[in-house]
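*Asks:* The lines below spell out each chain.
There are 2 protein chains.
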Amino acid sequence: MTENIRIVLVNTSHPGNIGGAARAMKNMGLSKLVLVSPKVFPSEEAVSRASGASDLLDSAVVVDTLEEAISDCQLVIGTSARERHIPWPLLDPRESAELTYKEGLETAFVFGREDRGLTNEELQRCHYHVHIPSVEAFSSLNLATAVQVIAYELRMKLLSLGDSPIVQSKWDVPAATSEQMDHMLEHLENVLGEIEFLDPKAPRQVMTRFRRLYQRAQMDQQEMGMLRGVLTAIEKQCR
Amino acid sequence: MTENIRIVLVNTSHPGNIGGAARAMKNMGLSKLVLVSPKVFPSEEAVSRASGASDLLDSAVVVDTLEEAISDCQLVIGTSARERHIPWPLLDPRESAELTYKEGLETAFVFGREDRGLTNEELQRCHYHVHIPSVEAFSSLNLATAVQVIAYELRMKLLSLGDSPIVQSKWDVPAATSEQMDHMLEHLENVLGEIEFLDPKAPRQVMTRFRRLYQRAQMDQQEMGMLRGVLTAIEKQCR
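Listed in order, the protein sequences are those of chains A and B.
FYI, the working numbering numbers position 213 of the first sequence as 335, with every residue one higher than the one before it.
FYI, the working numbering numbers position 49 of the second sequence as 171, with every residue one higher than the one before it.
If you're looking for bench data, these hints aren't it; they were derived computationally from the structure.
The structure displayed is predicted, hence computed values, not measured ones.
Keep in mind that a hint or two might mislead.
Copies of the same chain look alike in the list, so a pair counts if it fits in one copy or across any two.
[To be verified] Cut-off 16 Å, straight-line C-alpha distance, at most; resulting in silico cross-link-like pairs (EDC-like, lysine to aspartate or glutamate): (1) Lys161 - Glu308; (2) Lys279 - Glu217; (3) Lys358 - Glu316; (4) Lys154 - Glu258; (5) Lys279 - Asp214.
Assemble the whole structure, with the sequences as input and the hints as a guide.
*Replies:* Okay, structure coming up:
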């Protein structure tokens, strides 16, 4: 029932936090851990802090980039402590758990660095941001306890579903993956250049807004194909 | 609003956990920490793990017995991982937070030793037990993350009472109107005709899918303007 959920830790500095996160996950019945360029891994300290959850460390997938970590995910939720310049759909942990089990999509929860969290670019790859409602004056949670809160809410939601299977959304087409989204946005950026829509002085802002818009819609694969078709048709006509 | 709540840690072995608990408390707006016969305190490791919450360590009350720690409390809730011989009123973390704020009583949450939790005698001093719903096969949470879960639920409950609402990310642009959506979709349909994307045999289905997609995203007016700009740019290029 939790196979569709992965916890992604980006550029973790302290191996103890990786171990603590693994323990928190296993306590709450989660098993899929993905590490994006951890500073130190594997590590004795991680095993020690995992305190019996070292099987999750053994099976952890280590990758170089966030893109790889989430390429096949249909729902990506990034943890964020701060307000961003461009507002993004924002959930609290409970809402994020509801969404995860409502749709049953291949889902990633992405946690950033201990000191700086996720970069703006990383956050923009997420469909939603989740904010653990800490007090403003002291808002930065320890990484493992942040994982604990999210994993706890996922567990509470799962238990509230009882024995009833996940209510699959009745959408008739599978949700698009992050990789498909990336390809479509690249295609879009090229076309916007060709039709001279993109302001060369500020291309990123426009593309960020397009990413936000299309991710927010949680596009399905047919819609994705339709947009790609439109882009190809524009290219043909404009040459 | 949280002055009536104290966190009581009984016989903690690892000072790092005391620091971690202090940090979790401060993140969630709690400030009263009571330590019953900690093995090592004060300690550099506790300060280090508190990571900015050392003021809670400085003001922590250290006592010899649980009785002293809770003597003036009206509601005592003890954390328990196991089923006990004598059933006790059992809450989940969410229910325990509801109870705490419902009554406004002087309340203690009591956390046991890292390895053995609370003794039966200690648990029997509690009005209620609270169980964090871990998986049975791996049920023992790290002490600081257990404090985090309870403190998080207290915070969620407090915020739901409206005392200091969660700072919602404020969308910076007004939502688009239905009329703006209709105009954009008309514009889109014209352009899709011009670039010969629309199948004349089944134009409606495509436009229906576009409407569904863009409505689902609940577009704002800036995004709407951006899309209109793209459509206009395509028209210019393709003539």
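*Asks:* Tell me, please, which holds for Lys279 and Glu217 at an alpha-carbon limit of 16 Å: within, between, both or neither?
*Replies:* Cα proximity of Lys279 and Glu217: in one copy and across copies (10 Å, 14 Å).
*Asks:* Should Lys358 paired with Glu316 be assigned to within, between, both, or neither, using CA atoms and 16 Å as the limit?
*Replies:* both (11 Å within a copy, 12 Å between copies)
*Asks:* When Cα atoms must be at most 16 Å apart, do Lys154 and Glu258 count as within-copy, between-copy, both, or neither?
*Replies:* Neither: 31 Å inside a chain and 18 Å across chains, both beyond 16 Å.
*Asks:* Is it within, between, both, or neither for Lys279 and Asp214, if the alpha carbons may be no more than 16 Å apart?
*Replies:* Answer is both: 13 Å inside a copy and 13 Å across each meet the 16 Å cutoff.
*Asks:* At 16 Å max between alpha carbons, let me know whether Lys161 reaches Glu308 within a copy, between copies, both or neither.
*Replies:* neither (30 Å within a copy, 52 Å between copies)
Of the numbered hints given earlier, the model fails hints 1 and 4; all others are met.
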